[in-house]
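These protein sequence lines map, in sequence, to chains U and G.
Each residue of the first sequence is one higher than the one before, starting from 15 at the first, in the working numbering.
Each residue of the second sequence is one higher than the one before, starting from 21 at the first, in the working numbering.
None of these hints come from the bench; they were simulated from the model.
Remember, it's a predicted structure, so these values are computed and weren't measured experimentally.
For every residue, glycine included, the Cβ atom is placed at its ideal position computed from N, Cα and C.
Treat the hints loosely; a few may be bogus.
As the list claims (entries may be wrong) - Looking from chain U toward chain G, a few residues come up when the C-beta cut is under 8 Å (computed):
id, residue
1, K49
2, G123
3, H126
4, Q175
5, G176
6, R286
7, P336
Said to hold, decoys possible - Lysine to any residue pairs mimicking SDA-like chemistry, simulated, CA-CA at most 20 Å apart:
id, chain 1, residue 1, chain 2, residue 2
8, U, K301, U, L33
9, U, K275, G, E209
10, U, K311, G, E99
11, U, K296, G, A391
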Amino acid sequence: MATKKASAKKQLKTSKSELLQLYRDMLLIRRFEEKAGQLYGMGLIAGFCHLYIGQEAVVVGMRAAMKDGDQMITGYRDHGHMLACGMEARGVMAELTGREGGYSRGKGGSMHMFSTDKKFYGGHGIVGAQVPLGAGLGFANKYLENGAVSTAYFGDGAANQGQVYETFNMAELWDLPVVFVIENNQYAMGTSVARASAQTELYKRGISFGIEGHQIDGMDVLAVKEAGATALKHARDGNGPMILEMKTYRYRGHSMSDPAKYRTRDEVNEVRHDRDPLDAVKARLEKEGWADTDSLKAMDKEIKAIVADSAEFAQTSPEPDPSELWTDVLLPVEA
Amino acid sequence: MSIDIQMPALSPTMEEGTLSKWLVKVGDTISSGDILAEIETDKATMEVESIDEGVVGKILIEEGAQNVKVGEVILQLLEDGETEADLGTPAASSAPEASSQSEDGSDNPGTTGIRHPENDDADTDKTSGMPQVKVANDPDIPTNIKMVETTVRDALRDAMAEEMRRDEKVFVMGEEVAQYQGAYKVTRELLQEFGDKRVVDTPITEHGFAGIGVGAAMGGLRPIVEFMTWNFAMQAIDHIINSAAKTLYMSGGQMRCPIVFRGPNGAASRVGAQHSHDYSSWYANVPGLKVVAPYDSADAKGLLKAAIRDPNPVVFLEHELMYGNTFDVPDMDDFLIPIGKAKVRREGADVTIVAHSRMVGFSLEAAERLAQDGIDAEVIDLRTIRPLDTETVLKSVRKTNRIVCAEEGWGQSGIGAEISAVVTSQAFDYLDAPPARVHQKDVPLPYAANLEALSLPNADDVYEAAKKVCYK
Ligand SMILES: Cc1ncc(C[n+]2csc(CCOP(=O)(O)OP(=O)(O)O)c2C)c(N)n1
Ligand SMILES: [Mg+2]
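Please build the complete structure, drawing on both the sequences and the hints.
Right, here's the structure in full:
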């Protein structure tokens, strides 16, 4: 079993159409999240709202490596995952405002959305819960012999929950087709990885179970995609799980009203300036001559229109009908 | 047309703030993500980021301006190719009215202090529409004592600090309790006074640290284990019940487990089903535990101090929507309230209303309205749920002959079900009406504003139930 850190930076192979698509997918998430932040500021979104800004390359790179039929499951920082799975911006935004047009018809909120159609299994509020659930999806894949692999995303903080290790053990013991993606954005609320973890190299957390782990630059969408493809193949071929530790960063507070006093503005600005996942792709697009200022502007305009439309929809879609209070608690037993 | 940038709300409760500093000036080119200004709310300074791109055309609010309303236009951005001439008239404030769930604002979470458990520095310290309670005639409080207005949050903190000064074996442990000063600021300043040996930040590992807490109690310490919210204690419930509650009995009385598990319980505001669960009846079911759920600041302080000194495991259920509320606390060196004693908060002759935690406020409010209808309600605050003070409840029912039980959680096998069983079996002959129960609707808590309001019990529900048992 090899467990290793990300290798030195190399220019990964890609194509014009692929890179433009990856950029577009990341841009959609970024603009969507900015808009969500704005609507929160206007009081249209309530409760918790955890933005994904800064981490876009992780889910976009992984999704690009996944096949149709592969599943995704994550925690409460889930808007980006849903958009990457191809869920409609309108339905996600309308769930944020708690309206009928939302993916959970207003009953779930920011942290609880699902689309069985797009193989997105939530949207979970209890830190760590998605890890065994994700392995359970893998268990079903193996049982059903459907050839699918499940991907379970969780944070550096979640990586300390006990159920994660119970899951690692069973996933390896039973060779479950699941990829564990640790989104190490360096903080769990106000707690840095070093203050909460005896072993801060999270990709090593599978060693005692014999699970191969890799540390990846989670700000590099192509590196994420490449690692994802390797891990997915490993799992799909019946070799069991793999752990991918994505080194990433969240630009915004933990949730909307976090003053984020546990880190300096310089720290945030430095990442933004030097490691931004979108800027990196943009630079490559321009360097290769695959895009120029005008074409990128046009793309931005198009994405902004999608986001503006979702925000409009999220404000005009009605609140759920009061009768909805009583629906969806239990299913009737079929005769 | 230029883009209007408005004063943002930085927390669900924010209505206005101070624009303390501009970080841009007219003529600057802005890209999305750039920080435009710093804004101060009661306690926190936050940054305003631009989500738009353009050139700063006009700054409408001066640096240092106070009480800038959420939604007011603070800056105008010129888009590509626009000049000053394109500056539009700033649109009128588009901020929605602060949401109010009932007409009189009694259930308006916007006025009840912190509602953002994961992160909130803003301590609004306002009283909500909750009725103030006179504690002067409390048998546990000497007369003629000076009263100090204290938030429930600070009362809890003071209780911990006093007990930590008194007994070196007392320590606090939990997520974000130390450096972050508490996710809800209940442990504020404890780290500064007691250091990191006694105020311990844990990883997100509830099952593990609850077990470590129980073990430390068995080993001779007096842990206070904070759960960021009780929702997360479901990860740890095995240790609370199997390890803490049962060990004294299983060891034939040898083992000790003096521990307090505490944190906010029940619904917050718009945080959805997994973050809005009332566990009162769960823990009330377990022999070997004491279960406490205070309403006001004096009880929060007196009962928490008693819980920390208690030789048994105590489950201490606080309420997030009460943290910012202010009530009187007696200014005494060592103010303790005994666990296991209910309190008659309002005397009345016609109907008994039994409640605990936040429902006490709604019950008092309902009682005021019932009084206008000529119904004289007695309101009992249980304060402790296990052991249940059935004597106080029965005494009241023998007088009023009618009872309404109000709780925030679900009805089935709830606290109201238990109390109904107690009164029907022990005061059956005194009852003039079947006991009534007020509780959350029998569904997981929905996120949508309208559905959430329909789901949770409030003063109206208590009022209606009381009218019903009075056949009025
Ligand atoms: C079991 C549990 N404990 C505590 C919480 C409160 N909580 C929500 S998010 C969070 C931090 C998680 O950090 P991390 O896993 O690093 O994910 P990130 O937020 O950085 O994406 C905490 C403590 C929770 N939701 N569930
Ligand atoms: Mg994190």
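For each hint, the structure was consulted:
1. Because the beta carbon of U/K49 sits about 7 Å from the nearest beta carbon in chain G, less than 8 Å, this interface hint is met.
2. Evaluation of the U/G123 hint against chain G yields a held restraint, the C-beta minimum of about 3 Å falling below 8 Å.
3. With a least beta-carbon distance of about 6 Å to chain G, the hint placing U/H126 at the interface is held under the 8 Å criterion.
4. Proximity of U/Q175 to chain G holds as hinted, the smallest CB-CB distance being about 6 Å (cut-off 8 Å).
5. Of the supplied interface hints, the one on U/G176 holds, with its beta-carbon coming within about 5 Å of a beta-carbon of chain G, less than 8 Å.
6. Interface hint status for U/R286: upheld, as the beta-carbon distance to the closest one in chain G is roughly 6 Å, under 8 Å.
7. Among the interface hints, the one on U/P336 holds; its C-beta lies about 6 Å from the nearest C-beta in chain G, closer than the 8 Å criterion.
8. The straight-line distance between the Cα atoms of U/K301 and U/L33 is roughly 12 Å, inside the 20 Å bound, and the hint therefore holds.
9. Only pairs whose Cα atoms come within 20 Å are accepted, and U/K275 paired with G/E209 is accepted, the gap being roughly 15 Å.
10. At most 20 Å may separate the alpha-carbon atoms for a hinted pair to count; U/K311 and G/E99 meet this at roughly 13 Å.
11. Between U/K296 and G/A391 the CA atoms are separated by roughly 69 Å; this puts the pair beyond 20 Å, and the hint is violated.
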